[in-house]
Structure formats: structure tokens, C-alpha cells
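Number of protein chains: 2
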Amino acid sequence: MARERTLRRRRERSPAVAQDPKGEFRSQFPPLEILSADQLEAVHQASLRILRDIGMDFLHDEALAILRDAGADVEPGSQRVRFDPALVEEAVAKAPASFKLHARNPANTLSIGDGAMAITCIASAPNVSDAEGGRRVGNYADFCNLLRLAQSLNIIDLLGGYPVEPVDLDPRTRHLDAVAAMLSLTDKPVHAYSLGRERLMDALELVRIARGLSDDDLKQQPSLFSIINSSSPLRLDTPMLDGVIQLARHNQVMVLTPFTLSGAMAPASLAGALAQQNAEALAGITLSQLTNPGAPVMYGGFTSNVDMKSGAPAFGTPEYSQAVLAGGQLARRYGIPYRSSNVCAANTVDAQAAYESMMSIWAAAQAGASLMMHGAGWMEGGLTASYEKMVLDADMLQMMKRFMQPMKIDDDELGIDAIAEVGPGGHFFGSPHTLERYETAFYPPILSDWRNFETWQEAGSPTTYQHANKAWKALLAGYEEPELDQAIREELDAFVARRTEEGGAPAL
Amino acid sequence: MARERTLRRRRERSPAVAQDPKGEFRSQFPPLEILSADQLEAVHQASLRILRDIGMDFLHDEALAILRDAGADVEPGSQRVRFDPALVEEAVAKAPASFKLHARNPANTLSIGDGAMAITCIASAPNVSDAEGGRRVGNYADFCNLLRLAQSLNIIDLLGGYPVEPVDLDPRTRHLDAVAAMLSLTDKPVHAYSLGRERLMDALELVRIARGLSDDDLKQQPSLFSIINSSSPLRLDTPMLDGVIQLARHNQVMVLTPFTLSGAMAPASLAGALAQQNAEALAGITLSQLTNPGAPVMYGGFTSNVDMKSGAPAFGTPEYSQAVLAGGQLARRYGIPYRSSNVCAANTVDAQAAYESMMSIWAAAQAGASLMMHGAGWMEGGLTASYEKMVLDADMLQMMKRFMQPMKIDDDELGIDAIAEVGPGGHFFGSPHTLERYETAFYPPILSDWRNFETWQEAGSPTTYQHANKAWKALLAGYEEPELDQAIREELDAFVARRTEEGGAPAL
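The listed protein sequences correspond, in order, to chains A and B. Just so you know, this note's numbering puts 266 at position 266 of the first sequence, and the rest follows in order with no gaps. Numbers given in this note's numbering equal positions in the second sequence, counted from 1, plus 1000.
For reference, chain A alone in the conformation it holds in the complex:
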């Protein structure tokens, strides 16, 4: 019966949104190098000097103990840790160059670090917005709808966190309901927040249940990832350090991302912000590898700049894009997969949203990133998840993905016979060579409106924003919940119920 319903739904589904099929985002081009070998070495050495001479604060007793035991210099009566460069370099060298990130649906399992770029949905926005509803505080209904969109969009490979914060859920049990929803409404790999040990362990247990694995098997198969942000400059706070240690112990994926906003939490020079980013990333990765050598980690780059006049954060700027390339080179220097993002500072889905995101997407793709966070939906420097932006980003990412694929050059594609047949002054509209390629020759965009001006005007002069509004509704209407074994569903529900009854996790 359930299967019949699914089939019926499939037939009734609107085919309004033509998407490219699922498949890896893989660039045919070698990564673009913005730093010379000497410059790369200078940034590396500067960050080692920062860790050796200035040091970094670790707000976590167990982390301090691990670092002290490994030979780091923990300042007595303080949380300041200084590192011998060799200690850092030896620890970082233990991180793997690639690993799998498993999904509950094996078809969605990702290879991280082998040249493809995995793309997440927007994560962690406090607000949500769409054309009709406007901007509003995050809530569970929108949270679920954005998950459905993330599941429906082929270009989205995994979830980067909560697309929007479901503020209407009790903060003590929010993580249980949210992760359970992620595991039932989607079947792509998931992220859990490092908001203390209990929440992270609850999420890991839910993932274990969804995958139907034993604890031991789960340790062999990384199945969730968590973003660890340093509190720049040069500080890692308690819940984040809980995350670093627990993720390493459970062999799950830790993405160390310093938030080095040049001119605010980092020097007002790109070189300085990069040196600080690198120092913070290396310090966190060092702790991970000292906790469990070989645990899967990623090197996150998020360096951008502020508007010097107002202090407002800016994204998708020339400086941001340069930092993205430099971050990729640093990550490659250490042989660690690189995380970048698709970001913008726009308040509405207009030209600014598009050009700032294009600057980000292109830089990430050319930096050889293995993970693009916030791939679709991000607005206002991350303060709002936009339904319309989600489709706009999906379209731009699909374009970039096509662009990054090799060109086919053979006799049939060169088509000299077709050119001879058409001849000077003719046209190719009806030629057999054209008809053979009718369906597949070129990228069919989701949003671009290529009608002539008069026809477009008669249709009401729709903007990309309005096309995106229609498209997400069609996608949502066509959403199909991925299959989930009934026994697993019951086990997930039972775990959520039990932990809810126990009171969840302490309020933050």
C-alpha cells in the first residue's frame, strides 16, 4: 500500500523543475594557486610562530591535559597553550587525506578528499524567509520544509546543520527532534552541533540507529560531521573542545573552521587573517589527532573581511575569494580535505545575492574544496535561510558543475559533416546533427528567463526571485519522503521519547 501510494505520488508529481541528475561536483581544472611556494611557506611559518610564541586558549580541562601529556607548554594557572612547531606538524601529519562520510542511504555516501566537492544546504540561520511570508524567526515547520527542499535538490549532497533554527522546539530536546527529522525527511549525510557532550552523543546514537549499525561499526564508518568554530582570535571554547575530543574518540568527522573576519577578529590584512586562521585550524586539528591519531578531520577556511566603515561583515568580496584560494593551498599543504562555503551579505535575493554567491562558489570550486558549506539558501551573512535563494544557489551550482566538466571533442562532436551539409549561409535548426542533441546539448536552467522582452513583459515581467518562488513550491509539491525501515523508525522514535522523558540535555 505504502509503495502504491509512493508510485501514485511519483506519477502525479509536477515535472516543472528540471534538475540535473545527482552526481559528483568534480572540477576538471587543477586548483588555482594564489600563493607562491614561498608565500605559502611564509603563512605556514607565521602560524607556527603564533602557536609557539603567542599560544592559544583552550577552555577545557581535558583538552589541556591531552595537550600537556603530548608535550605542549600549558602555562601554569592558565588555559594558554604554546606549541612546539614539531608537535603540531607531527600531529597534523596523522590526519587522513580522504575518508567516507556515510549516509543512511548508501547511494548518498560521500567520498571526502578525493577531488569531488560535497555541497550542503544552508545551516544555522536564526531566521527564515520567503516571498509571501517575509522574514520570520526560525521554526520547526520551516525547518522541515527546508529539509524537504534539501532532499529534493539533486545538487545538495548532505545537510550542513539545521537549515534554520527551530526556535519553537524546547532547547533541551530540540537536538533530538531536529536530528530525528533530518534522518527521516532526508537520507543524505548529516551534521550535528558541538553543543556539549550530551547533545553530540544523542545525535551520534540517532545516526547509529538510522544506519542500523553497532557502536563498533559506527566507529569504522564516519557517519556524521560537526563544525568546530574557534572563538577567534586564538581561543577554543568548552563545548567546541568537547566536540573535538568526542568526534575524534568516535572517529566522526571534525571540521575545524576559524571565524577569522579580517579587521575584527583577525588582522585587517589578508595575510594576517590567513596566518591566524591557519594557526587556529592547526591547533584544533592537533588536539584531534593527539586524541585519536587518524581521526577524520577537515581544514575549514572562512576568512572574510568587514566593511571598515561600519564593522559589518562582508562576504563574497574579492578578499574573501582570495582567502578561499589561499586556504585551499594551506589545506593541500597538510594533505587535509578543505571546507569552503557559499556566502553573501545581501538582504534580498537580488543582483548582490547572485554576484556575492558567484564569487564564493567559483572560488570554492577553483580552490579544490572538498566540502562547500551553506551551498544553497544563505542570506545576510548567515542570518536568514531563504527559500528562493536556495533554488537560485542550486541553479548557479548546477551551472558551475557543468562548466567544470570536460569538453567532449571527437569527430561526431566536431560535426564537420553537419557543417558541410548545412553549408555557408544555412542554419542548423533542423539538421540531424542538431536533432540528435536536442534533449541534452545544453544546460537547461531552473530560473533563467530567456524569452524576448515583449513576451517576458506580457508574462508580467517576472524576476529571478519570482521564478525561484515558483520553483521551490514545485519542488516541495514534488517532494517524496525517502523510505525508512519501519523498525528503524520505531527505534528512532523510542530513543527520542526516552531521552525527552529524561529531560534532554541541559539548557545552554
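Watch out, some of these pointers could steer you wrong.
To be verified - Here's a subset of chain B near chain A, in silico, CB distances under 8 Å, partners left out:
no., residue
1, G1272
2, G1311
3, A1312
4, A1420
5, W1456
6, G1460
7, A1487
8, I1488
Stated by the list, open to error - Quick look at which bits of chain A chain B covers, simulated, 3 or more residues with Cβ under 8 Å:
no., segment
9, 41-55
10, 146-156
11, 164-175
12, 225-235
13, 241-247
14, 458-467
As the list claims (entries may be wrong) - Stretch-level coverage of chain B by chain A, calculated; a stretch enters the list once three of its residues show a Cβ under 8 Å from a Cβ in chain A:
no., segment
15, 1209-1222
16, 1260-1266
17, 1343-1356
Since the hints were made in silico from the structure, they are not lab data. Note that the Cβ used here is the ideal one computed from N, Cα and C, for glycine as well.
Using the hints, position chain B against chain A.
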């Protein structure tokens, strides 16, 4: 007195639009190669086969005579010409790798082919549009205003033609008034249309007068350029061939740009469209070099694709961007400077206009283009020149230019002392290292609105389009007519008056 007025105007000028200073757009990155050496050779060989076996129509007796004399195979009683590959390769090899394109203001003279990308204003749009006036047929008043904007925008290096067609001017004398306006309202290098010998020679005479040169000196100093479009597939028409021959004879710059729209005037395969583009470009360049070996030419790439469902031309697509890179490789193979464009198919200045143009700008910059046509203002596949898009493009180009510049890495920029001084948990807002960089650290955008949502909303929720509308008005208000020697102005006026009295050029 005139100088006093200028100075007064300068002081009164609104400083509302912060632009980057004038300077070359030069990429720090090597050109991006999409074709392997074998693929590049395959396209080259395919185009030689097209020229040898299929041939091309030259609708011009003198061109046919030049080609016949050089040994090409002109089909008796026809305009079809077939080329021995060696003839093409030998002629093309005579084209110079670089040359100057002189402006009447020597400070604006350009070096073409030495690694920098010269950027033109939009050219040849039949319509013009702005937010208040809407879309209207091109006219002389808008033509002049767009020239003033092109003069005011530092990122615009030269004029690519009429930014919009001044339809209200008599077509017999339009070229006289239009070129005279270009030479007085701006002091950047100019383009003239190849619309028959008379118009081109009139333009050349106006340029000679503006530069105060003799005929002989003008022949030593290329001072105008003209776009030659083939009538794809495989045809060059009479006025264009007039242009090829006259430009070569007068040693002015000829830019051979096939309009190979894949799926319409070229095969529905990118490889086929490129082979045809290359054949047409090589044929035109061959004629130029046979007419005057060493005459300055450029290789133009304009291959894009149609929407296969409607036949509508599309721009800034993944296929377009791939063709841009491939075109750059072909041009480099022949050692000829490469022309690309900033194009989009959008009907309004929205996200589509931005992402399609970003795809074009980025591809051109990474293809190593020496000339970007239609750099600012192009909409609707070239059917409309938009005031607002002109500023949007200028901003995006400035961003790309900054991005393409090398990063500075030295002790001062790495700022370890500043990081030590601020220390873990501090902030860089007031640090001396930040204050030193306050004015110059980051790109100050013309349009991006980085205010937080609430402040932005209180300001009326302006879009990029609205910011662009304000910006072009401020630019126009601050426009200053460049100085022009009174004697030269009188000579220009006298020439226009004489040629007008003679009836101008025959209506087309």
C-alpha cells in the same frame, strides 16, 4: 575661463560613487586551459578541413581577387573560397602578437596583447533603459549620456561602438555625429562600424583630426578598432569585407568575431561551434594579413548556445563559459590577442543579470582575454543598454580586477606583532595595525548593501537595482568633459559639417 569652470565643477562634484582608480585589469593567474593539447589540435585541424573542403563565401569582388592572387581556390562563377591549410597558417602567422591602440588622450592609450584586459562599454544596443524611463528606442540624448558614463567609469578603458544606436540621427550622417561625440565626450580609444568604406573612412578621418596626426602617422599608430562579424555559417558579407580590407590597408585594428550560436548558426555541439568559429576567424584574419601583412588583428570568440526548446539565444551559460576558455586557447595558439565579452540574456537587472554576467566576466578574465567587449551595460542578449546594469557591471569588474591581483605577504601584512598585541580573545577594531589599513584594506563596493536587515529595511529595503540607479545619476552629475584643444574641436566640427553637406554616406 574654461579651466576655471572645470576646476569649479570638480570641486562641486558629488563624491558619492567611490571607484577604484584607473589601471590595467591584469590577472595574476595563468590562463585556464579547458582543452588538452590534443583537443586543441583537433579543433584547429577540423577548422582547416572546413576551410579546405567546405570553404567559405566572400561577398566582395576585391576580397575574392586578393584571395585568388594569394593562391586560394575561388570556385569559378561563385563566391565560394577554399583554402589550402598552409596558406591559412602562413598568413595567420604574420599577425602581430601585440600592438598599441591609441587614444586622443595619451594616458588612455592601451597595450593590447601584453597580458592586460581592456574593457569596453556596451555597444550596438538598439534600445536603452533605466528605472524611471523604462525601455525605449535608442536616441542621441541617451547615447551621449552613456558615453559620459563610459568616460566617468574608471574600469572602462575604451568604447566598443555606440553604446546605444542614436536612431533619431539621420542614418546618412549618423556616423559623423556619433563618432564626433565619442571623440569629444570621451578621451578613450574608439571603435567605428564597418558599414561600408565611406563610413569607415569618415571615422578614421575624425580620429586622425582628434589625434592631430598626419595620414602617415596614423598608419603607424592604430587609433581605432572595428568589429568584423562573419555571417555564420561560413560567410563574410560585403560591408564587413570592406572593413577587413580597409582596416588592414590603414593599419587599424580589426577584430574578427564569428557569431557562432551553437544550435542555430553553428552545430549544436560545442566542439562543432568552436571548429566553425575558428574556421571563420582564421579566414577573415587570413584576408587581413594577405591585404597587409602585420596589420593589427584580434581573434574574437562569441560562441554561445540557444535554448533548444525556443531557439532563443542564451548567454553566460556553462557552455558559453567553456567556449570562452577554448577560444582563448585557440587565439594563443596563433599568437593573436583574444576578444571576449560580458554578456547576459536577462530582461531586467536582477539575479540572472548578475550570475550570467559573472559567468562571462570570470571566463573572460581566466581565458586571458585582451579585450572584453560589452564590459558594462549589456542586457537582453545585447538588445538593450541599461544605465543600471552599467554600474552593476563596473562594480563586478572592479571586484574581479581586485581578485586577480596578487596577494601581499610580508612581515607587516602577516602582522604577528599585532596578533600578539591583541592576544587570545581580543579584537582588532582599534589596533594600530588595523588603523593603518583603515582606508585601503578592502575593496569598497559601489553597490553592495552590507547594512543589517533592520537598518536596510528602515532605509526602504533598496535592491541593488535601486542602488545602481542612484549611482549612475551621481556619476553623471559628476561627469567632466575631457579637455579638447579648441582648434581640433573646430576641425572636427568643420569635417562633420562638410561631410553632412555632401550628404553623408549612402543609406544602408
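Verification of the hints:
1. G1272: 3 Å, holds
2. G1311: Holds, because the Cβ-Cβ distance from G1311 of chain B to chain A comes to roughly 7 Å (cut-off 8 Å).
3. A1312: 4 Å, holds
4. A1420: 5 Å, holds
5. W1456: Hint on W1456 of chain B: holds, closest Cβ of chain A at ~5 Å, below 8 Å.
6. G1460: Constraint on G1460 of chain B not satisfied, violated at 12 Å.
7. A1487: 44 Å, violated
8. I1488: 40 Å, violated
9. 41-55: holds (count 8)
10. 146-156: violated (count 0)
11. 164-175: violated (count 0)
12. 225-235: holds (count 4)
13. 241-247: violated (count 0)
14. 458-467: holds (count 4)
15. 1209-1222: violated (count 0)
16. 1260-1266: This one holds; 5 residues, not fewer than the three required, reach chain A with a Cβ under 8 Å.
17. 1343-1356: holds (count 12)
In this structure, the earlier hints numbered 6, 7, 8, 10, 11, 13, 15 are contradicted, and the remaining ones agree with it.
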